[in-house]
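Protein chains in written order, with our numbering: chain A, 1 to 237; chain B, 238 to 555.
Treat the hints with care, since some could be wrong.
[Stated by the list, open to error] So these bits of chain B aren't anywhere near chain A, every CB distance computed over 10 angstroms:
1. G334
2. G398
3. E426
4. I430
5. L503
6. R511
[What the hints assert, rightly or not] Stretch by stretch, here's where chain B covers chain A in the computed footprint (C-beta under 8 angstroms, at least three residues):
7. 20–28
8. 87–99
9. 206–217
Keep in mind that the hints were calculated from the coordinates and are not lab data. Glycine included, C-beta positions come from ideal geometry on N, C-alpha and C.
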Amino acid sequence: MPLLEIRDVTKRFGGLVALDAVSLDVNEGEILGLIGPNGAGKTTLFNCATGFYRPDLGQIRFEDESLLGLSPHQICLKGIVRTFQIVKAFHTMTVLDSVATGAFARTNNMEQARKKATSALELVGLSDKKRVPIKGLNIVDRKRLGLGCALATEPKLMLLDEVAAGLNPVEIDQVTGLLRRIRDLGLTLLVVEHVMKLIMPVADKIVVLHHGKKIAEGKPSDVARDEAVIEAYLGRE
Amino acid sequence: MAGLLVAAIIPIVLTPFLLHVAIMVGLFAYVGSAWNLGCGYTGKLSWGHSAFMGLGAYASTMLYIAYRITPWLGALVGILVAAGFGMIVGAICFRLGLKGHYFVIATIALAEIVRVSFINWADLGGAWGLLMPVVRDSLYDFQFHSTRIPYYYIIFAMLLGLLYLKWRITNSKLGYYFTAIKDDEEMAESLGIDTFKYKVIAMMISAALTAFGGTFYAQYVMYISPDTVMSVHVSTDILMGPVVGGMGTLLGPLLGSAIVQPIMELTRAYVGRRGLDYVVAGSLTVAVALMRPSGVIGWFEKPFEAIFASSSQTHKEG
């Protein structure tokens, strides 16, 4: 049984079909890469799986329980957490406080929340910036912070929306290492990514979306050679 | 500490008029802080807090007139009634997803519904209002006529209690969640925060605390009517302090009230023309809102921070 099961999910916005009967399985312990050109429906799929949108048709199940009709915070408490493509942050808080806010999902105790936050910050490599106000963070650190907040909620499945966008090659290598470390902790990852340098080496499986449809699925090396995928990305002469 | 000492000694040296001004500063610092706790914290600006103040005033006054129940117990009833109404206001506004100006208008409308209902409620005195029966000075009856100094100490004790509560909340899960909601609701929701629930809780806390201020007002002025405790200008009085002083800060409402209330009282006393007090205070509020939306407390932040730096709190007051 897959950890997250998406079956024939369709989402329309007026006349636009953002997702057209998309199905995919995320198995426990794997890193699944979700790629596709702009407007392919990747973020819409995230929003459906995390309760921000309600699909028009189809079924979404997590640990064999339907997620349809649950609100985002309920889905988070079930063990699915997401990050945002446009980096969000609690801009009046410090780094430690905002990660502690995430940790409060599993505890009411201030000391425990801080402890959990501290270990999440160690994992994402922000330990030395605990007391820094979020306004003072650069883009890489904000992405690390987003991951830290998400990790602090103690999820089973993380949905990451374009963690590598806007990063330079060195930073991308750091994030790649971070994703592996998170997977090694026993978490499952569904990663939307444009940056192939990041996703190809770490993903166990790749799913390609184009115009709201799934056009390919398989090992990264196979997908990279797939005719339909090449056409979707580069067009045809 | 020095500030507290000055505040404790001050009423003894004040003239009766200045004592009245100080009490009004205390009252609007209190209700401004109560407003701030719910609204400044979660960023949802209510212009309908007069309803909560009025419910508190009416609950304690009615219970005293009808059954001679001590206003302290009456205040508790008012707190519960206002919290209930706060839950209704919050549930309606937040379920409908009202934001910004629409939320402000909705809170005015809901408060007006309460005011008009009370005007037409003959058993509660209707538009005439309620006159508190005068008895001898006593803490039980919450009345002091030979000297008004006890009112001063009561309101400042209430204010201190409120600031302590706010400080406790700030350093708890609840405070973190309120700040998170104000900063980014979507992100808060994605991290497992039931934003609807916590927004309603913030409204209820704020409503309950404001109602206690209403009881104080009723005991101090000894006369209440829908127009004096429930109308929009009362809501305006409540929010001018925090807006001028600094919304969402710990001491902003106190500072703002200490600026606005003396201006209003002095205008009333020495210029006298009806309504001029609001012209002056309103202009000041608009000027501050335009030129310094974060409030004048910023100019005093350094010394205040030095005083409160000992608290374990690390983020800026939400």
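*Tell me, in ascending order, the numbers of any earlier hints that this structure violates.*
Per hint list: 3, 4, 7, 9 violated.
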